[in-house]
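Visitor: So the protein lines, in turn, are chains E and Z.
Following my numbering, the numbering of the first sequence begins with 1228 at its first residue and continues without gaps.
Following my numbering, the numbering of the second sequence begins with 1228 at its first residue and continues without gaps.
Source of the hints: derived by calculation from the structure; they are not laboratory data.
We treat Cβ as the ideally placed atom computed from N, Cα and C, and that holds for glycine.
Where hints are given, some of them may not hold.
To be verified - Quick look at which bits of chain Z chain E covers, simulated, 3 or more residues with Cβ under 8 Å:
id	region
1	1280-1287
2	1332-1343
3	1550-1560
4	1583-1589
There are 2 protein chains.
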Amino acid sequence: MTFPDDHLSRTTRSMGVSFIREMLKATKGVKGMISLAGGLPSPESFPSGILGGLFKEVVETDGADVLQYGPTEGDDVLKRAINIHEGEADVPLDRLIITEGSTNAIYLFARSVIDPGDVVLCESPTYLGAISSWNVMRPRWVEVPTDDEGMDPAGLEAALAEHPNAKAIYVIPNFQNPSGRTWSLERRRRFMEIVERHDVHVVEDNPYGELRFEGTPIASLKSLDRRGRVIALGTFSKVFCPGLRIAWIAAENPVYEKLVILKQGADLQTSTLGQLQVNRYLEENDLDADIARIIPVYRERRDAMLAALDAEMPAGVHFTRPSGGLFLWMTLPERLNARTLLDECVRQNVAFVPGGAFYPNGGHENTLRLNYSNMPIERIQEGVRRLARAVVKEMERSETLEEVPATP
Amino acid sequence: MTFPDDHLSRTTRSMGVSFIREMLKATKGVKGMISLAGGLPSPESFPSGILGGLFKEVVETDGADVLQYGPTEGDDVLKRAINIHEGEADVPLDRLIITEGSTNAIYLFARSVIDPGDVVLCESPTYLGAISSWNVMRPRWVEVPTDDEGMDPAGLEAALAEHPNAKAIYVIPNFQNPSGRTWSLERRRRFMEIVERHDVHVVEDNPYGELRFEGTPIASLKSLDRRGRVIALGTFSKVFCPGLRIAWIAAENPVYEKLVILKQGADLQTSTLGQLQVNRYLEENDLDADIARIIPVYRERRDAMLAALDAEMPAGVHFTRPSGGLFLWMTLPERLNARTLLDECVRQNVAFVPGGAFYPNGGHENTLRLNYSNMPIERIQEGVRRLARAVVKEMERSETLEEVPATP
């Protein structure tokens, strides 16, 4: 192609290939590689055994309807099943859209609301996929300080006072990606009190909420929302199968009807067949029981990772202790750089995701994300051992560097 | 929701619900309705009988892989099968992306290239779905005159001379939606000669090319393209099953890599399961033979519609005689309005799509699109009879109106 650069749109001209994506591709399928990098649910959690027969049944009993075009909003049969599964039978079907994974919902929301230069708020750090997706609209990100209890209320107040026209806040209150943190009920209440005083949309993403290893579920922001501020997302990717790409978004008007029009223009509809396959699964099986079976597997893996980290990591390294989900978050001494560490680790056949990419405004290169859901315990233990050795090596190297006087 | 209007993006603030979409929804499932409106392939064309067993097999032999996340670009196995099916085994796999239907490809292309205010060219009329999809980017549409041979070369030259920075041209050279027209080889050559002298992207959409009822296939623009101008789209929606939402786009860099990044942000990937279901079908069955079986069905329906139109329509009504695809295009006397006609027709239980919506700059309200693929012959004949009666009635009414002197 011989086109000049201005034959791309302004957004795409500056868009580069994701470092993380390239890294994941480079490490995928490498023999012996222990990947603590991805966010994949364990294939053991897929009910593969029963799905074959079930998929056959869907076509044979529902016939041509499952193969034909369907409505942009998604199939009402599946929407009803989602309401039942969520225990929220009162979400009107005409406020629910079936999306091609949560990414599709995150994107369509942003497209409906964000113009270039608009301020959007997020936890610090936040989900990398949401950053990339929203960045297509070229917003201005404001990161709100977030600790182990959730988003800091004073920080949120300050951000909204400084940016009274902020369009939206993206949050993952349960077992956040990447930090593994869960917001306390008190923080959720404070958050809702504050946002109800502002004209700001709240996008509550919840891919991991059902993967709770201990304790009791905490009320969603949506359930605390009295003024229609919260747009709620849900997905089957982490508790059923990601390969089917079935998720949903619940929104009030005017956003709801804009989402439908935008989805019509972006992909017309989510697979009819995929929707009805998931629906059949929900009808004939107990998803909650399946989730209950996978939780002990993930809990054991988290325990193994935490025990290994406690045993192996040198002083000065900190990490979160998530009570659910797929990830934990590690903070190295400030002088260390997780990208440099990754280079060394890949040579030792262990991979993770450097944390800098989870901060839309950059920095924090001394952080990293570890996944514990997708590797057996012995591999997790071995992976942490290698990681710890690399961390120690980098700490020593950085100390040596500090001792060497700079060349004049 | 109590938000002010400026809490939507500039694009969506002005976006309204599609008249056609609402009309199709309103007529769908109405008892006795003869719909010549939709663009649905006939369910008889779906190989439902064999798909159940095949879908079972995919899960049982490929296991967890078909249920897990896959690459944003799509699965190489399916890409290879598409190349074989297309007889273009030389399209490099890393220039091909599997999309969620062609709409997804049309949208992602536009997102990668079009900024608000950019000029884009199209046939006049053109596909409504492409208009809606590209309108999200708020381009300025320039319609190029198009006749039964294809896009008018002089008109194209003039448009590109007036708009030297035009970003893209969207075309459907085979059995176009909505007109049913097919470009001659001569016109395709002239088109390519002209665009090769300009830095303009060409999007060649081809959903209907394989549904040829007579004559021999004509070289695609892509096959005539020597300078990487053409971005080619293909889909299984019209020749296999639309409900699976599996299509593809072939593009050179830099567009290709921008499409991948944008798709990652918009929906991460097309269903792994859907892709591998289609792949399995292509591996174990002869899609060309299946298409050969459905063609006589569509041909008979087109013949029946043309014969009924010849017999029933009053003088002054013109229509195209497509040699393939799903649609024909009708032009009424200029004083008639197809939306008014539709109101009358819906009362008579027959529906079609008024043609004005297929012109991005409006006008042409005396045109309409008829679909012949989705109704049995007797229903087509009855539908045309009712339509003709309504046309005659409208013609008489409009004559009466013209005779009445305007009130002063």
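Visitor: Just pull the numbers of the violated hints for me, sorted ascending.
Guide: 3, 4
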